[in-house]
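> Protein chains in written order, with my numbering: chain C, 3 to 362; chain D, 13 to 128.
It should be emphasised that the hints constitute simulated quantities derived from the structure, not laboratory data. Here the structure is a predicted model, which is why all the values come from computation and not from measurement. Among these hints, one or two may not hold up.
Each computed SDA-like pair below joins lysine to any residue, with the alpha-carbon atoms no more than 20 Å apart [said to hold, decoys possible]:
#1 C/251 / D/85
#2 C/257 / D/104
#3 D/81 / C/195
#4 C/55 / C/28
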Amino acid sequence: MPTEQQVLQALSVVEDPDLHRDIVSLGFVKRLALDGSTVSFDLELTTPACPVKDELKARCEEVVGALEGVSRVDVTLSAEVRRPRPAGEIMPGVKNVIAVASGKGGVGKSTTAANLALALVAEGASVGLLDADIYGPSMPTMFGTHAKPMPAGEDRIHPVFAQGIKLMSIGFLVDPDQPMVWRGPMVHGALSQFLRQVEWGELDYVIVDMPPGTGDAQLTLTQLAPLAGAVIVTTPQQVALIDARKGLKMFEQVKVPVLGIVENMAYFVCDGCDKEHDIFTRGGGRRAAEELGVPLLGEVPLEGGVTTSGDAGQPIVGRDPDSPAAQAFRKLAREVARQLAIRGMQNQPAGDSLSMTWQS
Amino acid sequence: MEIADGVTPQGLGQDGPDVLLVHWSNGHEGRLGVRDLRLACPCAQCVDEWTGERQLRSEDVAADVRPRKIEPVGLYALSIEWSDGHSTGIYTFERLAQMCQCDACAAPAPPDSRPA
Ligand SMILES: Nc1ncnc2c1ncn2[C@@H]1O[C@H](COP(=O)(O)OP(=O)(O)OP(=O)(O)O)[C@@H](O)[C@H]1O
Ligand SMILES: [Mg+2]
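For reference, chain D alone in the conformation it holds in the complex:
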């Protein structure tokens, strides 16, 4: 999802055991697989601070990893405490929008929709 200025999450929800729903202020209904979120953790342990290289590999994360608690951070991000005890990642709203996996966002853009 393209995130315009001032678009923020207005609420969160859950769809089954492993999908986080994000209700955006522009009406967009975001969906995020929680394991993909865990794998995308942007914290300094999971991503090398200097090279930007991802340290966390898929095999390091359990198939059934789940959030335990989600909290807002300031006006710009969420922090997630995970079932594997990890809790240092801060997910900016911008990032959450980019990662959106809802049908509309996941579908490949039709060729004629590119801006001229």
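Isolated chain C, as found in the complex:
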């Protein structure tokens, strides 16, 4: 029977392909126990949506199983999502806040935000979704709920629980029949209050559906929300690329890392046949990503089911999980989680916070 030391030694040849370090020195191996010829341990990854978790697990089983005197290897996959930055006053319990943005409207930002949130839940993460589109909130419709958020003590509110996520929409707070007109100076104060008000609790990820464009409201959100990263949605048209570049600039100014771009409606999947039709020039997303110098996180097909699901009050990842678009969103979620995990590990884990009260 091997010693604990020998097991760790064996495991230290298993490398995380993204972090380029071995899983032992990364601290992923937890609760190692030897019992007769059985070795068991937890493999604690930095996100439940890790795209290579099954490969890592198999590698672990293989190298430990090869040790003399080992007849059984029990690896339990778990995840502890890391916090890439110190907690502040806004959303203190949320480990990663991710903005979904676009330079222009109608490219599928809300659709992407909603499905990304559901896909992260499907991977086992705890997730919130914040619809901050003050000009046209769409989450009440997409999730088929017009619930009124419950108060949480004085001047705070609880998000609504819907389809496995904590949901908050600016649409829950305003009367749909009497849309508010948002004027410049009001926007900053109102959004800032909205951001502070919501009692999110402890969550791995909160996805923020941003208003389209790069105006005042967007700037306020990027400045105030403790964003760990941004995902920029584009479509194959050339114009969309110009807008994407604007979006990228906005995040750069406030030092929010752009995790990458998603090309939505990249190709067409019609009902009944699984063939991918390129109705636009294919490969535009990849070229755009190269041109902008950011990763291409995913390509989502144009598919009728996306719209019907959105209108029916259950986004496609929940409603038709096997459809090509849902699969594309699942893949996107793993890629987003992966980019965040890479960045989270690059920054030193932030021990103390950047909030302080001065001692006089």
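Following the hints, position chain D with the ligands against chain C.
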């Protein structure tokens, strides 16, 4: 201090009543006199928006001005609420690095250390 991409404060501290410590992710231990920080406030009241001219004069700021509370702003800056009630200034990490007054940053660069 030169601030390379991705270098951020990892924590804050206090050294006595009037020195703010900034623990940078590259290991640098930054020091900033709080009154100098107050005087350097970049907000629109303290600096003329159009000309960039500083409106705030040294005699306008009490000798014993202190922060009350410090909070992060997004991923790129800190905001400081001051004992004189002022709270609109946003200090970017870049600015905080440039202003660093630790011994290493405050010392004049030796003549031979200039890049060729
Ligand atoms: N991949 C897709 N396949 C088919 N339809 C899609 C797809 N993505 C989005 N749509 C549809 O396109 C329309 C616009 O999408 P969505 O509301 O998500 O865009 P948006 O960028 O959030 O728009 P806005 O700027 O108005 O907020 C919706 O009707 C949606 O159902
Ligand atoms: Mg939208």
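> Indicate, hint by hint, whether the structure satisfies it.
Hints, one by one, checked against the model:
For a cut-off of 20 Å, the pair hint linking residue 251 of chain C to residue 85 of chain D stands: about 18 Å separates their Cα positions. Between residue 257 of chain C and residue 104 of chain D the CA atoms are separated by roughly 10 Å; this keeps the pair inside 20 Å, and the hint holds. Pair hint residue 81 of chain D plus residue 195 of chain C holds up; C-alpha atoms about 19 Å apart against a cutoff of 20 Å. Annotation: proposed proximity of residue 55 of chain C to residue 28 of chain C holds, straight-line Cα distance about 15 Å (limit 20 Å).
Checked against the numbered hints given earlier, the structure satisfies every one of them.
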